[in-house]
Amino acid sequence: MLLINCPYCGSRPEAEFANGGQAHIARPADPMSLTDDEWAAYLYMRDNIKGLHHERWRHANGCGRFFNASRDTTTDVIKRTYRMGERPEAEHQGAKP
Amino acid sequence: MLSPAIMRSNALSPMQSSSTTAASTTTLSILPDAAKLVFRGKTEAIEAAGAHFGVKPSLEACRFAAVGGRSVHWLGPDEWLFQAVNEDPIEVFGGMSAALQAQACSLVDVSHRSDGIAVAGPTAALVLNHGCPLDLSLKAFPVGMCTRTVLGKASLLLSRSEEQVFHVDVWRSFAPYVWQFLDEARNLS
Amino acid sequence: MQKFSALSLLRAGLTGHAGWQRQWRSPEPKPGYDVIIVGGGGHGLATAYYLASRYGVKNVAVLEKGWIGGGNTGRNTTIIRSNYLFDESAGIYEHALKLWEGLSQELNYNVMYSPRGVLMLAHNIHDVQSFKRHVHANRLNGIDNEWLSPEECKEFCPPLNVGGAMRYPILGGALQRRGGTARHDAVAWGYARAADALGVDIIENCEVTDIRRAPTGEVVGVDTTRGSINAKRIGVVAAGNTSTVMNMAGVRLPLESFPLQALVSEPVKPIFPCVVMSNTIHAYISQSDKGEMVIGAGTDVYTSYTQRGGLHIVNHTLDAICELVPAFRRLRMLRNWGGIVDVTPDRSPIVAKTPVSGLYVNCGWGTGGFKATPGSGEVFASTIAKDEPNKINAPFTIERFRDGAVIDEAAAAAVAH
Amino acid sequence: MTDTYRVRRGDSVENCNAVHFTFDGKSYQGLAGDTLASALIANGVHLVGRSFKYHRPRGFVSAGSEEPNALVGVGATQSRYTPNLLATQVEIYDGLVAESQNRWPSLETDAGFLNEYFSAFLPAGFYYKTFMWPRTAWKKLYEPVIRRMAGLGRAPAEPDADRYTQVFAHCDVLIVGAGPAGLAAALEASNSDATVILCDEQAEMGGSLLSDRSASIDGMQAAEWARAALDELRKRSNVKLMSRTTAFGWYPHNFVGLNERVTDHLSNPAANQPRERLWQVRAKEVVLAAGAIERPLVFTDNDRPGIMLANAARTYVNRYGVVPGKQVVVFTACDSAYRAALDLKAAGAKIQVIVDLRKSVSGHWVDKARAEGIKVRSGSIVRGTSGRLRVKSAQISNAQGGDAETVACDLILMSAGFTPSVHLFSQSRGKLSYSEELRAYVPGESVERERSVGACKGLFALEGVIESGARGGRDAATKAGFSPRGERSYTVSAQSVGADAFIGSVMTDHQAEKRAWVDFQNDVTAKDVRLATREGFRSIEHVKRYTTTGMATDQGKLSNMNALGVVSKQIDVAVPKVGLTTFRPPYTPTTFGSFAGQSRGDLFDPVRKTSIHSWAESQGAQFEDVGVWKRAWYFPQVGEDMHAAVARECKVTRESVGIFDASTLGKIEIVGKDAAEFMNRMYTNAWTKLEPGRLRYGVMLREDGFIMDDGVVGRMATDRFHVTTTTGGAARVLSMMEDYLQTEWPDLEVWLTSTTEQWSVIALQGPNARKVLEPLVEGIDLSADAMPHMSVREGRICGVPTRLFRVSFTGELGFEVNVPAGYGRAVWEAIFAAGKPYGITPYGTETMHVLRAEKGYIIVGQETDGTVTPDDAGLGWAVGKAKRDFVGKRSLSRPALVREDRKQLVGLLTTDPKVVLEEGAQIVLDPTHPIPVPMIGHVTSAYWSATLNRSIALALVRGGRSRMGEELSIPMPDGVIKAKVVDSILFDPKGERLNA
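Residue numbers (my numbering), protein chains in the order written: chain A, 1 to 97; chain B, 1 to 189; chain C, 1 to 417; chain D, 1 to 996.
Careful: at least some of the hints might be erroneous.
[To be verified] Here's a subset of chain D near chain C, in silico, CB distances under 8 Å, partners left out:
hint : residue
1    : 121
2    : 126
3    : 135
4    : 152
Hints were generated in silico from the structure; no laboratory data involved. Quantities reported herein were computed from a predicted structural model and do not represent experimental measurements. Where a beta carbon is used, it is the ideal one built from N, C-alpha and C, also for glycine.
With these hints in hand, go ahead and build the complete structure from the sequences.
The structure is reproduced here in structure tokens:
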């Protein structure tokens, strides 16, 4: 059970959270102007990073807030959590072999 | 016609009689009914709400403030629970909404959404820790702290009103589960 | 290839087993191959075997970064079944099941395919409706799947808690008798040995570090930890590492990789005669030939490449197992491990050409890849050999996500009302 | 004392307390504090089990949790029977019933031993090479036989009678292992304000100190010091001592699973004690002091009963006061076995000879042995043993070969050095490094917040062990943010046993055909391991899987390093290059029940009940599970089956009035000045123009365009919506709304609050519904003009506040009375009483389903399945075409979602009105088509309609709306059913009744 630092409530066990998938994928402002490929990219394409990955969590059984976490998917170490609207410190870092 | 007070049922009433008479030093008891309102909104509005209610809401995360039978629990950065023990929800709601008319906020009466359990005794934290993954030591979870969390497979609002007394506020349909879970835990601990 | 049989075993026994040869060679990589398969798991090895045996492509290398069968092939709970709802899924899994039925003989390697029956339990009315829909669709597709009453479930699998105090009582089940289990490691080894015998080079400890492309875009080979290797056709079958490998060729895929845990109990004498699955309470269980209860569950909720997961997942899996069979509460967990499964948005695989000429991908099997191994390998081999998908894997494209032609078995089964 | 192997007072047993138990039906006597192993040894019993494959007779190899052989079934009753327990860990109590396993008919005479005679034909992996012909024989013939031979114990036949619990705990410092290093760590770490948990798998804490009679610490004999240290720790309020508690698994972020065995050692446990407790500990810092496990030597026929680890013998004699044998041959590659030999000799055993693999031997322990007159033979090996049910002799020769000398014995001790227990360290993902000196892996750099100390770090000299423990304890407390008070020093007087070690097989080249066991339980010999490498299995993971070495219940604690050694030598590759099998949880096998904890029966999942549930129960309602909720399914009266009850409920509701508990519907209060805009974005419908006081049916999609949920929405005020969702969808919908609000549209001034449980919802449906309600309601005009269909009013009912919906899911005049949940039952009863004159009936979900199906109303999850668009479901009218955007809109124009031949919702009427279709049945055009038959749709709902006096059905059919009137086929196993495609609204198509 991961220990996740909610930016509002502090460190809490994973049981209180819901994972919200990859972070920083903004919903297009005008979906109808997108091609099918562009829309599919928004809906489905994910970086699936092996390395530092930014993802969303919701403190569902806590304060209810969504926030972001930068986690290394090769170790599950969470480097940092930050609020919605804030940017990550580093971009994704895929562990290029 | 019956009066509302007589008509009102608590999801936990049947549990009380079915509970074991444990050798445990931890007791479970049903908390009295209360008017409960969920306030969500902007910071200016919460201050106005507190001023009307007579309890200054905590802006610090995971803390509650209480004056007499009235309390305000921080639930989230834009969400507080106002409680007034043994008061009429309609009156409390009416008064509050009037006071907040000009404010950017939401006020919802949830007086019947949940029931309350007091878990008390020297091993109350241990009993709760049978299903709650939080550190409930006094250092990590002091008197005056509150938070939504989980107990087993239920979600609830947990607060510490005294060193050895926790209050659990849980949605009605989950309340029997939580009661039974805690009852078994205090027996087996 | 040395023939394996009772007789050869007997003969070898009399001579102290000195004569057994390597089951597959350990060749140095050649400068180039007609086809390179990236990934030496069951699907990759099967692809190589069928390329050589059915499609006449024998100049093939399988590149494996670790040891063959060391990924999900060696980490799964070995369940085999084909009773899927949609024609597309039923098609590919039934293709696999038919191959399973003769696989030991075809490979001359006992993969211990054991059609012990897969019983999927229904715990509420929604389950009953959903399973009956499967049963009817399967029947018309020529796939065995039958409805059992609770009593029949109990008769088929006596340890089940039918009628006892249970939070979600068993209301019946859908049984596929041809479903069952196989010995996972043997599948990888059997394919490796048979492919090797046909000339396929299986190269272990050889990690692909880049996919090389010509200025015109098509693939020309790979760089590996053991040097560069040329090939005009590259099939990527890297399970949980697919995104990483495909990124090397600049291809993004709709995949996410999740930890999937499984566990076994200590071995006990035969007591559990079949495979039992319960989607509603999230657990599945069978007993291995060694006597261990082999148990699986859902994935952890976050993407990860750590090949482990949380203790709470194990707790939830075992509380479900103990509900199904209360007598198993006193059994003990012997081993618990994690794999990495790559999951597509519709939880169905991608077995297809890619936008890059000469590059093919077979991925996204989620939690259900093992059962598909022979079928997946066979259709992928066909796709690579002919440079076009065959009828069975044609629906499993990348483009279906653009067009919305998703094949969503899970959505079809799991929406509660 | 009648037994002759109890030689003196053991430190861990109470001499005055005799304990009676049975093993394989025979009664024995032991002492309180004995393990089953020590008690059996005291009685001269060594034969305790049979191996997995060859069914060879086996005895105790160890005295701890690494035991591979002595697995027993324990329990007098089936509901408390546990297989595969280790006799070396089972504590005896009065009345203990234990039995041996994997033998028939008896342990002494086991028919499975037949395998032994065929062992030449059963090498590693033999089953992959045979049993392939004929094809069906694997399942019918070979596999059942193999299965019967395999397996160890038998699973209990009855549900477990015991209880299990789980506790989450937090501490500053968790120390795993209470041997010398762990005790020192605990003393230091707790000499601060840090909270410390010290756990140990054994009944008694102290680890190796308990069986050490030669060392002393701070002037005390080792065991005495351990007890003193424990006394001191017990006095500290910041320390929690947990014996019989195994740290079995390391999970991410310093989360460690501990299994505490609470009652298994008790004759009469109290009723309020769980059998086991699973502690889930989040520790700021962890000190691993897990010790080391002695390694067996791999020599010919090293598996006979009476061949055991040297240190185990030392434990038996020093802790339990029993000698495992009286004529002892010692075979060793290190000094520690000398220490054991001396302790045994002191207890009266005769040490025949110490056979030492090392060419030259010297030092304290060797000198001492020689001084005591023990014969030491260096550069030698035991090259064979004899004895069927108990070892009788050892053949000893030079290590290279040559003539063998036979020495009589009833006990052979062996030691190849120690393997540090790096399991938890490895699970924490710390990297291991190979020590050539120790012939073992030791912890390298830590990944999580932990450190290894003592023997598990590869330190074996007591002084160094204690020093390392103390340092680790201080370090942990400091890193956790505390300042340990004054350093304390420990005066250790102990002779080191050095670090000599050996891995692999000691067999000479001429012995290649002989069998020497690497993995005792799984019967894997050095020969098997060599065969695997010859066949190309060279990665240690491959060797392990091919031979099954290390996969037995001891998880390779004794065998892994020796297997590595054999492989390394065979393929001439250095050990670290061969690899290391991954360490996985649990450290030792851990009970399923403890993982399940309290989750059983009603606590397996919350049983959610509405406030009206108890009334339905009292009326004899049958319930169905819908998600976590219990819902009343139907209300049978005396003599009614479900069919009759539903027919009656339908009829009464259509003709007069029915009452239905709809409380489980999800409810969300959406408030704020942008509430309507938010609704516009979340739902397919348009909301701006909905007036306060009106209701609208809303449809919500996922972003991929498929229907996610639906429900009726009331506009309570311009800035307030009362949204309902499906029962199962409530949490999902709220979470999705929060997601969009918080992450996409934080600028909207709107807030969400779940009110699912605030309201009880009582649906009153039928032509007389208004008449029943009217007298109970205050402040609301229920007339058709004042309160038309799809409107909402606030007022009072029975004196309590209500939000009264005029809405219908039946097609009848209907109301849904929302009242605060605490009043639900009282209001329900009042309405029910008021309905009595009209013959009111309560109805359940089944009737609700029938009535709505007659009207063609869909149920999300039944008519839809996650692949259905609004248009498919005939809900195109609910999609606001003019809206620029809403969740899922863009997806609706994807090519596959606009195809003409998509499955569309239609009604189906069977040609024979008496035949009710089966839900899930498939629809085809040509039932004579050979298999596979192309399917064009399926039946989503099918019922007997008492109202229409015929069967009805809804179905999703390819291009269904263009097939009106067409006859389709539904092939069932017992024949083809014909049905006609009709409109999905089968009753009151004009909706006149609704508006009554």
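Evaluated hints:
Residue-level restraint check for residue 121 of chain D holds (minimum Cβ-Cβ distance to chain C is 4 Å; threshold 8 Å). Because the closest C-beta pair between residue 126 of chain D and chain C is about 6 Å apart, less than 8 Å, the hint holds. Taken as an interface hint, residue 135 of chain D checks out: its beta carbon lies about 6 Å from the nearest beta carbon of chain C, inside 8 Å. Satisfaction of the interface hint for residue 152 of chain D is found here, the shortest Cβ-Cβ separation to chain C being roughly 5 Å, below the 8 Å cut-off.
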